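2 protein chains.
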Amino acid sequence: MVSVGIMGGGQLGLMMIMEGRRLPFKFFVMDDSDSPACMIADKCFSPSNYKEFVDSSDVVTFEFEHVSEEALIYAHDERKLYPSLDAVELKRERYKEKEYYRNHGLPTPRFTVVRGGDEALRTLKDEFNNYGVIKRSKGGYDGKGQYFVRGDPAVASEVKGMDCYFVVEEFVDFDFEASVIGVRSIRGEFSAYPPTFNLNLKGILVYNYGPYGDPAMQEIVRKLADSLNYVGAMGVEFFVKGSKVMINEFAPRVHNTGHYTLDGALFSQFDQHVNVITGSSPLSTEVTTPSGMLNLLGVEKIPQISEGKVYWYNKKEARKRRKMGHINVVGKDLAEVKGKIDNLMKQIYIKGLDL
Amino acid sequence: MVSVGIMGGGQLGLMMIMEGRRLPFKFFVMDDSDSPACMIADKCFSPSNYKEFVDSSDVVTFEFEHVSEEALIYAHDERKLYPSLDAVELKRERYKEKEYYRNHGLPTPRFTVVRGGDEALRTLKDEFNNYGVIKRSKGGYDGKGQYFVRGDPAVASEVKGMDCYFVVEEFVDFDFEASVIGVRSIRGEFSAYPPTFNLNLKGILVYNYGPYGDPAMQEIVRKLADSLNYVGAMGVEFFVKGSKVMINEFAPRVHNTGHYTLDGALFSQFDQHVNVITGSSPLSTEVTTPSGMLNLLGVEKIPQISEGKVYWYNKKEARKRRKMGHINVVGKDLAEVKGKIDNLMKQIYIKGLDL
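Protein sequences appear in the order of chains A and B. Its first residue numbered 1, the first sequence is counted upward by one per residue in UniProt numbering. Its first residue numbered 1, the second sequence is counted upward by one per residue in UniProt numbering.
Honestly, the hints are just simulated from the structure, not real lab data. All of these numbers come straight from a predicted model, not from anything done at the bench. Treat the hints with care, as some may be off.
Because identical chains cannot be distinguished in the list, a pair is counted as satisfied if it fits within a single copy or across any two copies.
Here are the simulated lysine-lysine pairs, DSS-like style, with alpha carbons at most 30 angstroms apart [said to hold, decoys possible]:
1) K96 x K241
2) K80 x K301
3) K346 x K223
4) K332 x K241
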């Protein structure tokens, strides 16, 4: 039986195991024993025990790219890591990711890389007329470390005097945000789900639904995955403006905007990921029904609702912005899906969203 | 966190746990530690330890009705057993099940109950003109203990001299077999999936697909479930002849003909079962796409196919007729689903089905 080691015990690892159980895999998780995925893993390893974790696993993956560097490197050195370190490295420094897009002819918003907060503010003024985004190159997740300036640079004053790399980027007045989940095998076979419409607020995904948007995005994902010789599932987020699409960023892992595949497709992104990292070819990425997903952000109790299917991650405590679970919905068309999401938004966030 | 105890560690228990993981349940299984469901349970109990198993569980159910009687009775006495002992009792003696249908105005083939094999053969001749089925009242599963006589009673000569109850039943020259999965809550709420077309050979299910057949079958299932004050998912098998439907038998549990719900509906039969026995209301039983299922009977290795989704039960050894896994397929219509099943039949059973 093949043993799959997952670094990180959050909801993405949890769903990987849930979905992986239809085939005889062993799942090992590297995280605290009370993390969601550890609770249903075949065995849980403390992060300090990373060598034993990697040695016990036939292949190693991660559900979150911000895990211990030494564990990643050890798994890489043992030739067990999928996707590869290269993909993770791009996420360690935002400017490398942006330059990667530019160097590979992948569409992305116009940007300049600078060193130092003062230089970032100057560049924002000189090159972008104080209308753009300053992003810290290192760190940041779910919108952290990003400053959106629409005329008044005071909102980014925090960066003054900071001595680190920044990406200063044009502000894209997009029509909507979208994303595509792609999956690529060890032999380079590629497949992608159709794009979805995503609603992000304050840098965090609230809901998404699909299929929606230009299938051309799938080809961009293929190009990115091929260029990286990527193995696994990946999520790529786009800005869409008219007929133009631009990559905002990618995640070298299963992605929140792909949770709908648990119920909107025969094979989910989690299923795909586990399959390709263990040597299989991508499975069908056709969707079987229009569908959507709503995140349960900071929600304290399992909602009692009948309009969708609740996935509850069983985290110890609810915190503002924390993803506590999600709800998947299906419908005969996108209007029905959207209607269900709208109803759920009212039922779940009675007092409005607090982000 | 609610603890669900499952008696029996086969594939039905395995899928109950797989599906139950989207909500924070603990799953305890009573069976050998190397049984499929035990391997992914939170804790596994030996059948001799049934008291500790029941005491540890908030609710107790079974994935197979032929489990230890004393364990069932203990769980019943502790008021934890769903569905109830009454439903199981009907499956202990086939004649009780048949009489139950007759007494409750539920359509079923004409039958006579007799004691002794010789009397069974005499009844078959006198009342059914040697054209009918002799079924041992006790035992029997997947077609065992049943003798189909079409003119020549010699095929049932095994029963001669046997001193036990038999059901002698008319032979129904049905157009097709069908089934419905129903689900009923503690408060009596009921819902049912649409019927499916089932192909049984030698008393064992080979494949099924749907939705197919008269929705009136759903109402018969409701009547049966209500009369039993049933709690949980149940599978009811029918003979269909023209516009007439007759119950062949029912199973007081999730059912092989409901495996398609894992991929053809938002909520699966397993999901429903776990939810209602823990106090929730039935979830939507709408299907999201035409779909079907093919059993992997006696198949030794995980099939490498791309036309469907393989569920492999990870049983220690393959035996003739043994259900080693199944494949779910979906399609835009039943013709596409049926086409995929036909293709899979050729790929999986290259030398034909050996039952």
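How the hints compare with the structure:
1. K96 x K241: Within one copy only: 24 angstroms inside, 69 angstroms across.
2. K80 x K301: between (38 angstroms within a copy, 25 angstroms between copies)
3. K346 x K223: neither (39 angstroms within a copy, 37 angstroms between copies)
4. K332 x K241: Within one copy only: 27 angstroms inside a chain, 32 angstroms across chains, cut-off 30 angstroms.
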